[in-house]
Structures are given as structure tokens and as C-alpha cells.
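Below are the chains, spelled out letter by letter.
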Amino acid sequence: MATTSEIRVEAAFEEFERPRWRVSGIWQFARRQPLGAAGGIIVIIMILAALFADVLAPYDPVANDFMAMSEAPSWTHPLGTDQFGRDLLSRIIYGARTALFVGFVAAFVGGTAGLILGVTSAYFGGLFDLVFQRVMDVFMAFPLVIMALAVVAILGKGTENVILAILIPFIPRCARVVRSSALSIREMPYVDAARALGYRHHRIILRHMIPNVTAPFLIMLTAFVGQAILLEASLSYLGLGVQEPTPAWGLMLQGGAEEYAESAPWMPIFPGIAISLAVFGFNLFGDAIRDTLDPRLRAR
Amino acid sequence: MTRFRKTLMGTALAGAAALLAQVAGAEEPQRGGTLHFVVPDEPPSFDGHRETTFAAVHPIAPFYSLLVRVNPDNPSSTTDFVCDLCTEMAKPEDGGKRYTFQIREGVEFHDGTPLTAHDIVATFQKIIDPPEGVGSARKQYFEMVESVSAPDDKTVVFQLKYASGAFMPALANPFNYVYSKAKLDEDPHWYEKNILGTGPFKFTDRQAGASMSGERYENYHFEGRPYLDGWQATFAPKQSVRVQAIRGDRAAIEFRGFPPKSRDDLKEALGDQITVQESDWNCLLIVTPNQKRKPMDDARVRKALTLAIDRWGGSEYLSEIAIVKTVGGIAFPGHPLAATKEELQEMAGYWPDIERSRAEAKRLLEEAGYAGGLDIVMNNREIDQPYKIVGTWLIDQWRQVGIRATQEVRPTGPFYDQLRTKKEWDVSLEFNCQTIVNPLLDVSKYISEDKSGSQYGGYIDRELDEMFEEMNRAPEEEKQREIMRAYEKRILDEQVHSMITLWWYRIVPHRSYVKGWKISPSHYINQDLSNVWLDKSLM
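Read top to bottom, the protein sequences are chains U and V. First residue of the first sequence: -11, per this note's numbering; consecutive thereafter. First residue of the second sequence: 12, per this note's numbering; consecutive thereafter.
In isolation and in its complexed conformation, chain U is listed as follows (with noise of 0.2 angstroms):
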């Protein structure tokens, strides 16, 4: 069984390979991770079209056009248009911008509030480590969707409160993986040198302990943003995210693309693709960068 002093040894070997890791790393993590490459460039897909919407979407995503509503796909209109002859390809591309804000801000904040909490629950342990994991338990027992729908039911609509909604269910869950990191890395012997050296307990957990539980971090992370984008669109669809006329994946999937959804199937069917897409892509991604950090799994 590896121990955590072979993954540091691990990692330091890995500061002297990083020059090289970084010119043919990329190609290199590709031939290993293949799905994760797929992974990657899906995610990489959606960035560029939530950073250049402006210059990708062919229409205005908001511009209704009713002398094309509910077309088909047609060489005018790649994916068709919805009821008011809003057009779905610009409504997609627009939406991935609303998909990654949400998911990237949800997944960072919830992610490095529940890193600090559940490094410094791990690093006091005693009462303080007991109590605090039991305040976790509770807000584990509830299942995501249904805190999320909580904390939108008394917080109210809108993106802000969206993002919200997301990131607190994802604080208890990120705390207590990376508390089971950092119990065992409470006990390493430079954590206690610097107790010994009279370190205040913010710089231990800062610059000591949250370093070394970076990788299942970065883990939880990439899986939360996939997760917090399918929350997006779960809320959205519910009519409890953003609001009309916003491009947002979930939003298009309700109303218009359910009443419509026999006779103009791709009002419905192409947001679908898009959320699938998104959160296969950032969970590939994510699985591919667990197996790349985690030695275990690196040594098979």
C-alpha cells in the first residue's frame, strides 16, 4: 500500500519531469487517457464557444423571428428554431456560457470552502472535527437536487441564488474527501515541525496541509462542475433557475420544447445533447485526471 511519504517522494520527482511533461505532456496524456482526451476536448469545445459566442452564434439568441417559428434544420438554421423562431444553434452556443459560469463558479466556491473546512476539521480533530462532521452528516443526508431545490425555495430565482443553490450541497461533500486526506496528513512529521517552529494554525492549513490534498481537490472539482452543470439545467428545467429569455440548456428543454417536443423534436432534443455532451465531457476529463494523480492508479 502506498503511504503518503511515497506520494510526496512521487511528487517532487514529478517537480524535476515537469518541463518535460509540459511540451509533450498533452500528447502523452492523450495516448494514456484517451477518453479522457475526449474528455478534454469537449470541455475545451464548450470554453471556446462560451468565450466566443459573440463571433460563433450565427443569430441573436434572444431575437425572436416569427416568420421561422418552430422550423426545421435547415443550411439557415443548423439545429432549427424554437416557437418564437429563436434560433437553437446560437441558443446552444450562448447557453454553454450560462452552463460554464454556473458550473465552474459553483464547483470552484462550494469546492474551496469545503477544501478549507474540511482540512481544518481535519487538522483540530477532536470536538470541533466531531461536531463539524456531524453538521456535514446533516446536510449529506439530503440528496443534491433536493437541497438544491431547498436552498432555491428560500434564497429565490435568478443566476446568483442558482449558483448558490449548487455550491452548498457541494461544500459538505468536497469537505469530507479531502478531510480523509488531510487526517492522514496531520500526522506527517513536517506538519508537526511546523507546530514545533510556532506556526499559527492558518498558516499550517494553508501552506502545509491544503498543498498536499490538491490532487483529490482537483478531482472533486472537475467532477462538481459537470455535476453543477446538470443541477443548472435540473433547476432550470424546473422553472426554479435562470429566467426566459436567457439561452440556458435546461430552460430550453421545458415549455416550448416539451409542448413541441413530438412535432419539432429538435427543440428538445439538441439542449439534451448539449447537457449530455457537457457532463460526459467534464467527467471523462475528471476520471482522467484522478488516474493521473493518484498513484495507485498511475502505477497499473
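Hint data in this document are derived by calculation from the structure and do not stem from the laboratory. Keep in mind that the hints are not guaranteed to be accurate.
As the list claims (entries may be wrong) - Once the Cα atoms are required to be at most 20 angstroms apart in a straight line, the calculated SDA-like pairs of lysine to any residue come out as: (1) V:K434 with U:P253; (2) V:K434 with U:I142; (3) V:K249 with U:P253; (4) V:K150 with V:R473.
As the list claims (entries may be wrong) - Beyond 12 angstroms from chain U on every Cβ pair, some chain V residues (computed): (5) T45; (6) E119; (7) T127; (8) Q218; (9) H232; (10) F233; (11) T286; (12) V287; (13) K305; (14) E327; (15) P347; (16) E377; (17) Y381; (18) Q408; (19) D476.
No experiment lies behind these values; they were computed from the predicted model shown. Backbone N, C-alpha and C define an ideal beta-carbon position, used for all residues, glycine too.
Since chain U is already given, all that's left is putting chain V on it; use the hints.
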């Protein structure tokens, strides 16, 4: 055969066919069964006097009786009223200034207490002159009423200030549920959270967010009615869910209405198992600017908003995807008091040239100091048809003159809370849906805040109030029409207190086994379900 004889014979044949159809159609009602229907929303409260939404009618009206009501066999009529709790329709006395009603004997509330004239008086006093802190959405309908009294247990007298043709339609309003005086004396808010009436059905159950149900009241004052054993209303905000519920026979009907697409889908899927009833609808969606908040206190901004809306174009296309259709002013289109197309086109927001209209909107915004555009918040109701559809369309219309609107969609309860109390919005999409087509009363919503029970723009306009009163006192229709035009112009053009979007069109596709229910231009009328029955041979 001469042309005249051919026409005569054709007419005779058509008449005979119609007679046969009528005879064949006069089916004997069958007793028994439970009617399952879907309702797009939950009632914000159970108090019909306070509420203005169908959600406080479809699952609530079956528990209550009215003093007089629209004839359930002729619900489209604007003049056919019949007794519900009275024994005979009152004749106007004292030059039309007094109406005396005799109350039915032996009527009991569902808890067994007898109904008397004092209950009716307490009910109308609550509607006309509610206690402090108690809402009454239709108090302005009774402007002409001086007093309501009960000289004895069986007699109710309405004394009017002046004779008015608007009195009887106001009395027959389907929201005027008759309540128990004892309960109102106990707590004037009691009926907001409780149900106790004398209607054809007794309350049995309510699952918040899910359903409500009622069972037959055996002591109902119309013998032999109701025909149903009971009913269950399922709340389903999503239109697709309601359509699928009817398609899968989990529900037999939705009384409000569906867009043309849903009608066509149901008809195509179920053929003869679906019957469709259609009607013009005395209902319209309006945009109300919050005049207590900047920049909506500026008439130029309000005018820019209405000028940006292409109603004529919107009518053509939105009618394909939503339950809206007709371009109109404040009065029911087609009514003698309503504006003609030419008259409408004279007003802001109805100009035939939308480009000129939008150029004027931009100019007004610039003049008001919003040359760089304007950000506004729109309060909207979480119901697809037609709120969210029209809301999305309006945002696109305003976008074209540089107004960036953010839509905040809320379920009915919070929506009304915002509309009435919180008022954290610049504009709100709301409605003016009325019962019996009677423009003289229907337009009362627009009078000053302190006189109207349902004006949410927050303005006081005494000139408008005077016009309203003068119009209601005017004996001749010609004069009423003349005042109505000035009243309408002030509301929609000069002051832009309100912006009419489009009038609704009612389409109710339902399971063919549902019998005894007739459509009307109002989704509030004829909803006590006492006449409804289920044809078991078609189930």
C-alpha cells in the same frame, strides 16, 4: 324551383336537422362518478372576495352558492341571470334604486347551520365595504350601492344611490361566494384559510401543491343535483403535464383553456374521445408600470414602453402558440362600447406603422434621459399560458428600442405578494379577466388606487375617476361610448397607466364523456359543477 323556394326548403331542412340534433343531444344526465380535472395553479387563498384568479374558482366554486348567478344553461349570455340562493329574481323598485330578494328556505351550510338573509348581508358588506385590512377585489363594482340590509331572516334589500345596469352583473359575479355571518364575525380573515359554504360539494381534502377534492353535498338546495359523487382537482403548472393528463385520461378537462397546438394534438391523438369548445374570452393580459418607482413615474418612459410593442404583428403570430389572439383596447373587442380598429390605431402602441412607433419610443426615452438604454425588472407569473409566452415576447419587443427587461417569474402566491405588497418591480404582467361581459364594470380596474381593489400601478388619477363615474351614470349607450373613448385614451395613450397586450381566446378540449358543462367568455363563470355529469357509455 325558384331560388326563394330552394332557400326556403333548405332552411326548413336545416331547421329539422337542428331540431333532431337537439332532441338527440338532450341526453338524460347520469348520476355518479368522480370528475378529475387539472388546474394550472393553486389558489393564493380560499377567499373568493379577495382573489381574482381562476385558481380561486375552479377548485373553490363547487363549495359555494351565490345569491344570483349566470344561467348555467346559457353562460355566454350577458343578461341571463337566475336565482341561486334567492327564490325569485328581484324586480327593480323605486326607479331602479331598490332590489328586494327573498331567500330560499331550508338551505344549510355544510356544517349544518341554516343560511339566513343575514349571511347574505354579511357577505356583501364584506365585498362592498370590507373591514380594515381585509381585501376585496371587486368593491368598486358596487359603487352604486348605498346599503344592503336584511329586514328579516328571509329578505335582503339592496338600496342603490342611482339606477345602474351594472348592478345585476355585479351581483351575479361568480366570486361572490356566500359566507357564514358567524364565521365572518368570528374572524373576517377566516375564509382565507377555511372553506364553508352551501354549494353542491363539500370540502374533503387538500394536499398542498398537489390536489383538492370535494364530495357531493346531499342537502344541496337544487334537488337531484349535483350529479357527480365528487371531484378531484390536480394542480399542474406545466401545460405539457396537463395536456398529457387529459391525453392519458388521468384528467377529463382543464377549464381554463389551451393553445391551438394542444387542441390539435389532443384531437389528432384521441379523435372523437375529445370534444372541443371554443369562445372569445373576456380576459386580457396587461402590463402595469409601477408608478411609485423610478423611472415608471415618468409618463414618457411608460409611453415608450407601449410604443415599442407591435400588437398587430404579435397577434398574428402569438395566436399560433398562445391563448391570445385579438388586438383591442380596454373594452371587450366587438362589444358596442369597444374601440374600432380605426379608433385603436389612433392611440400610442396601436399605430399601424411599427417603425414610426419605435422611433418615437426611442425619442421619448432619449428625452427622458435614457438614450443609452434602460434596465427594468418585470414581475411575471409562473404560468406558461399566456404569461411566460407573452412575457418573453414583450422582452424582445422592448429590446428593439433599447429597453433591457429582466423577467422575474414567480408562483401565484409570491407573484401576488409582489404585485400587491412588495412592489419590487418596474413593470408587472397581470390580467384583467372579467366574468359577465360588461365593459362598464370591467374597466373599473383602471381607476385610482384608493378606489379600485385591483389597481396595482399605484397611481391616483381623479380625472379618470370622474370619467368612470360619469360613464356609469350615463343612461345612453352613445354617451357611454363617447366617455369610454376618452377614458381609454387617458389610460392607454395620454397617461399610459396600463398597456394592453392582447385579448385571450378560449379553447377547451375535454374528454367527450364530460357532459353538462358549457363554455362561456369567462373561465370564472359556471364552475360550481352542479350540472356536470359523466356519460359512462363513453368512458
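Going down the list of hints, with the structure as the test:
1. V:K434 with U:P253: violated (40 angstroms)
2. V:K434 with U:I142: It holds: about 19 angstroms lies between the C-alpha atoms, which stays within 20 angstroms.
3. V:K249 with U:P253: holds (18 angstroms)
4. V:K150 with V:R473: holds (18 angstroms)
5. T45: Check passes; 28 angstroms lies beyond 12 angstroms.
6. E119: The claim holds: E119 of chain V sits with its nearest Cβ about 41 angstroms from chain U, beyond 12 angstroms.
7. T127: For T127 of chain V, whose nearest Cβ neighbour in chain U is about 45 angstroms away, the distance exceeds 12 angstroms, so it holds.
8. Q218: It holds; Q218 of chain V is separated from chain U by about 18 angstroms at its closest Cβ, greater than 12 angstroms.
9. H232: Its Cβ never comes within 12 angstroms of chain U, the nearest being 42 angstroms, so this holds.
10. F233: Answer for F233 of chain V: holds, closest chain U Cβ roughly 39 angstroms.
11. T286: Nearest chain U Cβ is 21 angstroms from T286 of chain V, so the label holds.
12. V287: holds (17 angstroms)
13. K305: holds (22 angstroms)
14. E327: violated (7 angstroms)
15. P347: holds (33 angstroms)
16. E377: E377 of chain V is indeed farther than 12 angstroms from all Cβ atoms of chain U, at 23 angstroms.
17. Y381: Per Cβ check, Y381 of chain V is outside 12 angstroms of chain U; nearest 20 angstroms; holds.
18. Q408: violated (8 angstroms)
19. D476: At about 36 angstroms from chain U, D476 of chain V clears the 12 angstroms cut-off, so the statement holds.
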